[in-house]
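Engineer: Spelled out, the chains give:
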Amino acid sequence: MAIKSALELQDVCFGYTGGLLLKEVSFAIAPGELIALIGPNGSGKTTLLKIMLGLLRPRSGSVTLHGRPLSDYPPKSRALNLAYVSQQPSSSFPLTVRELVALGRYPHDGRGRLTPAGSLAVTNALHRSAAKHLADRRFNTLSGGEKQKVLIARALAQGAPILLLDEPTLHLDLYYQIQILAALKRLCTEQQSTVVAVLHDVNLVSLFADKALLLRDGVLHSFGPTSDVFNEASISDLLGVDMVAVGGKNSIRCFAPRQPFINSRGN
Amino acid sequence: MAASVAMVILLGLSIGPVPISFFHMSPAEREILVDLRLPRVLSAFLVGGGLALAGAIFQGLFRNPLADSYLLGVSSGASLGAAAALVLNLASPLASFAAVSVFAWVGSLGALALVFYFGHRAGSFSILRLLLSGLGVGLFLSSLVAVFMLLAGDELKALIFFFLGGFATSSWDTAWVALACIPAAVCFACFYAADLNVLLLGEETAQTSGVRSGQVQLLYAIVAALLTSISVSVAGLIGFVGLIVPHMIRLISGADHRTLFPLTFLTGGIFLVLSDAVARTVLAPAELPVGIVTSLIGVPIFLYLIRNETGDWV
Numbered sequence: 001m002a003i004k005s006a007l008e009l010q011d012v013c014f015g016y017t018g019g020l021l022l023k024e025v026s027f028a029i030a031p032g033e034l035i036a037l038i039g040p041n042g043s044g045k046t047t048l049l050k051i052m053l054g055l056l057r058p059r060s061g062s063v064t065l066h067g068r069p070l071s072d073y074p075p076k077s078r079a080l081n082l083a084y085v086s087q088q089p090s091s092s093f094p095l096t097v098r099e100l101v102a103l104g105r106y107p108h109d110g111r112g113r114l115t116p117a118g119s120l121a122v123t124n125a126l127h128r129s130a131a132k133h134l135a136d137r138r139f140n141t142l143s144g145g146e147k148q149k150v151l152i153a154r155a156l157a158q159g160a161p162i163l164l165l166d167e168p169t170l171h172l173d174l175y176y177q178i179q180i181l182a183a184l185k186r187l188c189t190e191q192q193s194t195v196v197a198v199l200h201d202v203n204l205v206s207l208f209a210d211k212a213l214l215l216r217d218g219v220l221h222s223f224g225p226t227s228d229v230f231n232e233a234s235i236s237d238l239l240g241v242d243m244v245a246v247g248g249k250n251s252i253r254c255f256a257p258r259q260p261f262i263n264s265r266g267n
Numbered sequence: 001m002a003a004s005v006a007m008v009i010l011l012g013l014s015i016g017p018v019p020i021s022f023f024h025m026s027p028a029e030r031e032i033l034v035d036l037r038l039p040r041v042l043s044a045f046l047v048g049g050g051l052a053l054a055g056a057i058f059q060g061l062f063r064n065p066l067a068d069s070y071l072l073g074v075s076s077g078a079s080l081g082a083a084a085a086l087v088l089n090l091a092s093p094l095a096s097f098a099a100v101s102v103f104a105w106v107g108s109l110g111a112l113a114l115v116f117y118f119g120h121r122a123g124s125f126s127i128l129r130l131l132l133s134g135l136g137v138g139l140f141l142s143s144l145v146a147v148f149m150l151l152a153g154d155e156l157k158a159l160i161f162f163f164l165g166g167f168a169t170s171s172w173d174t175a176w177v178a179l180a181c182i183p184a185a186v187c188f189a190c191f192y193a194a195d196l197n198v199l200l201l202g203e204e205t206a207q208t209s210g211v212r213s214g215q216v217q218l219l220y221a222i223v224a225a226l227l228t229s230i231s232v233s234v235a236g237l238i239g240f241v242g243l244i245v246p247h248m249i250r251l252i253s254g255a256d257h258r259t260l261f262p263l264t265f266l267t268g269g270i271f272l273v274l275s276d277a278v279a280r281t282v283l284a285p286a287e288l289p290v291g292i293v294t295s296l297i298g299v300p301i302f303l304y305l306i307r308n309e310t311g312d313w314v
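First to last, the sequence lines map onto chains Z and U. Each step along the first sequence adds one to the number in the numbering used here, with nothing skipped, and position 71 is 71. Each step along the second sequence adds one to the number in the numbering used here, with nothing skipped, and position 108 is 108.
Here chain Z stands alone, though its shape is the one from the complex (with noise of 0.2 Å):
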């Protein structure tokens, strides 16, 4: 049996006034795969984020999820289907850290308290993301990566089988950064969750996505499993900047900026 699409987008164009910002974009995700969205800034990749998430409507073209057009869906069961992690929210109130998962339960719970099945799911959620000792702290006075933690934490709570991260690890050391991609590549071959992170750093990108969407100018410029996309020619077109693989294992690359470009900098 061929696997079902949770998700595809056919032909989407979308533009607020002037020109197009994405260009008849089209493809389709399956569960239990972590795919990056990587792109030069201004790509239109926060853009896409949207529209697969129905905050912003294609001028044209289709968005569907389980085969019926996203836009059927009401909010609430839109909202059992997609989960968001937007860029760190930059006011917060003094809301502590179980409060503040236990929003994502507003979908399955309402207005009301906590059910006990939706207070286990916060449990859950602070577990798999690797928050649970952040429980009772308040969420204003935690570190950036303890609150990017907890923000993923949210958003597993609200139970969606597909989860879109807009730059999940951003302002993020090395070892937060890891701690993140590793908790959502858990998410996929675990829970058979369908993940999509926008991303900057190639090489964890090699390291953790099964495949990369590759985005320039609104228009998608390949997608596939990483290790398809992922060669000196297509990365080096993308980001602007001359790569060279410097080796790595199998079928994970490693790039890095050719030499001479660094060295004309330096001197």
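I should point out that these hints are in silico values taken from the structure, not numbers from a laboratory. Using N, Cα and C, we set each Cβ at its ideal position, and we do this for glycine too. You may find that some hints are simply not true.
Examples of chain U residues lying across from chain Z (beta carbon under 8 Å, computed) [as the list claims (entries may be wrong)]: (1) VAL198; (2) GLY202; (3) GLU204; (4) GLN207; (5) THR208; (6) SER209; (7) VAL211; (8) ARG212; (9) ILE252; (10) ALA255; (11) LEU303.
Place chain U on chain Z using the hints.
Structural biologist: Below, chain U alone, put in the same frame as chain Z:
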């Protein structure tokens, strides 16, 4: 909490130029208690609770603990609406106070729309832009109020009386409007509190969590403007209740709006009944406008917050 509300209301009822024993009341004393003191204490309680709740709502809506109807200029909008109704004699004699309240509501919604427009950029409100917009809108509308006062002629005395504020003129005529509107607004605010909790994470996160964020924000804006305008209609401009009370409650019970809203309402009510008691007694037999009492307490707390808050929202 209920016990402290009852105690404070009893205290408010017992203060006044005529000493009244609750147990052996003459008909005259009963009249003073029921027709003068009861509407006054009730108005103070509802207005205090209403202003505090409006502040808490604005803080949640703008995701910023420094928002408040007074600082956002919404109170000035309500004053302008009320002044327009009084000066232009738009208020029909039958339900004049209700009409003034409706005009005040329209004024406060207009002010809020302006603050929204100027304070908003690229989907977010920076505290600086928000407070400056509120300050600008508030000053502009206050100037218009001054123009109305110059034009007022015969109504000038009524206007001055109105804006001096306080509860000296409270009667059942004004109290019933507050009694009809404010409890309903409180129920609404508490019912949707969970939605506002999710909105603390930003509009997009709220939308993807299943909250109809646009609707919820609009409804809360209308309700907070209603609370502000009823309060201004009943008691004139009273500042800082909406700032101090929610902040205090947040320190004690956290930021969950489901507990924050009811506690803020009750505490705001208690705070203003006590402030009114102070206003009535410190210079007795003269009365201090209650807004002066709340500002004397509120401004130092506001400045303290600006100086010492370590959060990332200033």
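Engineer: For each hint, tell me whether it holds in the structure or not.
Structural biologist: A quick look at each hint next to the structure:
Here the hint on U/VAL198 is kept, as its CB sits about 5 Å from the closest CB of chain Z, short of 8 Å. The criterion of a C-beta within 8 Å of any C-beta in chain Z is met by U/GLY202, whose closest approach is roughly 5 Å, and the hint holds. Look at U/GLU204: its Cβ gets to within about 6 Å of chain Z, closer than 8 Å, so that hint holds up. Interface hint status for U/GLN207: upheld, as the beta-carbon distance to the closest one in chain Z is roughly 6 Å, under 8 Å.
Restraint check, U/THR208 versus chain Z: the minimum CB separation of about 4 Å is within 8 Å; hint holds. With its C-beta approaching chain Z no nearer than about 5 Å, U/SER209 sits inside the 8 Å limit, and its interface hint holds. Look at U/VAL211: its Cβ gets to within about 6 Å of chain Z, closer than 8 Å, so that hint holds up. Look at U/ARG212: its Cβ gets to within about 6 Å of chain Z, closer than 8 Å, so that hint holds up.
For the restraint placing U/ILE252 at the interface with chain Z, the shortest Cβ-Cβ distance is roughly 11 Å, beyond the 8 Å limit, so the hint is violated. For the restraint placing U/ALA255 at the interface with chain Z, the shortest Cβ-Cβ distance is roughly 4 Å, inside the 8 Å limit, so the hint holds. Among the interface hints, the one on U/LEU303 is violated; its C-beta lies about 20 Å from the nearest C-beta in chain Z, farther than the 8 Å criterion.
Against the hints set out earlier in the document, violations occur for numbers 9 and 11.
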